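Number of protein chains: 2
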Amino acid sequence: MPVLALLDGTIADPTHPLVRVDDLGLMRGDGIFETVLVVDGKPRELEPHFDRLVRSAAMLDMPEPSRAGFDRATRAVLGNWTGGPEIALKWVYTRGVEGGDGTPTGFALGLEIADKVKRQRADGIAAVTLDRGFDADAAARAPWLLLGAKTLSYAVNMAALREADRRGAEEVIFTTSDGAVLEGPTSTLIAVSGRTLRTPPATIGILPGTTQAALFRAAEREGWSVKVEPIRVPELTEADGVFLASSVRKVTRVHTIDGTQLTDSTALHGELVRLYDSEY
Amino acid sequence: MPVLALLDGTIADPTHPLVRVDDLGLMRGDGIFETVLVVDGKPRELEPHFDRLVRSAAMLDMPEPSRAGFDRATRAVLGNWTGGPEIALKWVYTRGVEGGDGTPTGFALGLEIADKVKRQRADGIAAVTLDRGFDADAAARAPWLLLGAKTLSYAVNMAALREADRRGAEEVIFTTSDGAVLEGPTSTLIAVSGRTLRTPPATIGILPGTTQAALFRAAEREGWSVKVEPIRVPELTEADGVFLASSVRKVTRVHTIDGTQLTDSTALHGELVRLYDSEY
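Protein chains in written order, with my numbering: chain A, 7 to 286; chain B, 7 to 286.
Excised from the complex, chain A in its bound form (with noise of 0.2 Å):
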């Protein structure tokens, strides 16, 4: 049963309407969020999601979210968790009412992870590479375009998701129009060579990967080599491991892009996963 509460610390029925017609999140998508991860009630990287809700939120030009309001709807809702282990945990903070007094809206909604991620951490997937329209020049030459905020604008990420089932796969790997690998519509890519892990940069107009920090700096404390470099989209197919992180899907296996099967890489995403949950 998914649990909700408000930046004030209370509780409210998720299935009860809450958001009024005119609230610019829905009309306009205009908010931002984040998902957390809970496990057996504690959140991971909860200072880097808080960063990145700020930073997000400067991105759209939104009042700084209230680090004790997050902190307050966060604990409501794991003081209520009657659910499983492990709990998504999402942030929503819109621009507030059309005309209002500028007041955002903010709340956490604590939900089940679904079935669907579960089957996909333990069996890896099949993604497609998309292109994304932009060049790897976009985010810094046109900052409105928002590419690297967290916004609940997803209609083109929900859109890129359905293509990919369309094509027989269930995840998307983003491509800039030149030619270089973004990331997920949701997730992180990491690319693996050896015992070398490498990440497109954030400059090229995407999110900075909680998780994959968090991989990053267990990996690096173990003698890996770590670089946040750009990867052109041939380099996918001649990697050892290609992964999707993202704090509900952790780090998952690709196992085939663009019907492509890769090579096995069982055994280093076993690794991976090791390091990951040497994090916590």
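Just so you know, the hints here were simulated from the structure itself, not pulled from any lab data. Treat the numbers as computed from the prediction; the structure is a model and nothing was measured. Note that CB positions come from ideal geometry on N, CA and C, so glycine has one too.
Residues from chain A that face chain B, not an exhaustive set, calculated with beta carbons under 8 Å:
id: 1; residue: P20
id: 2; residue: M33
id: 3; residue: R34
id: 4; residue: L136
id: 5; residue: G139
Dock chain B against chain A, hints included.
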């Protein structure tokens, strides 16, 4: 006072919450909308607006919106309206609740025309050109970018308007990364030279304009030439007049682009407004 109606024709209080937090319209900007201008109780371009809503729904793989439902909601808003002679009537249609039975959320909301819009209709606007990040072929190449669908994911459109404000302007003319003119964040661009009206083709990744279409219809009837064809950015300053058209703003004159004052198009604007008005 805004008037809110549901697709079954019932009236709801717009100051009360109507939408659940797990509605995909809120969580993912995953839904579509239209804004219809109503003057003296008569909706303008009702058929083209509904056709475009249906087309947007198809682009997002959403169930086809019910014409009867939006008609009921529209009649309810109009019948309960106590405000001024003009209404900005919004139709909103989201993918519904996450993990639900797939029933979309739909409603119609009648709003007063903002004073700012009335002033802009009369006085014209300063606009800036902003790169929309994609090239002229992106829409054809990558339909999952939803270019040309009127989605609720408008965070970038809103960010662009804030960027215009920072640059001392009120409006934006989006351009492709390769220098073609697109549209405004919530309007269609029309460039006029002599007795010829021009607007960029929808295939370039923009919304086909209902107000622009009405104006072109009227102009053609009176012997003007109308062309739907690509427009390059430098052509804007060479034109006799540049206009942004939308349901709510009607045909609004652009008097300044990127800080450069354009040729005075006040008289031309008067002619276009007369043409537009002749349609109703």
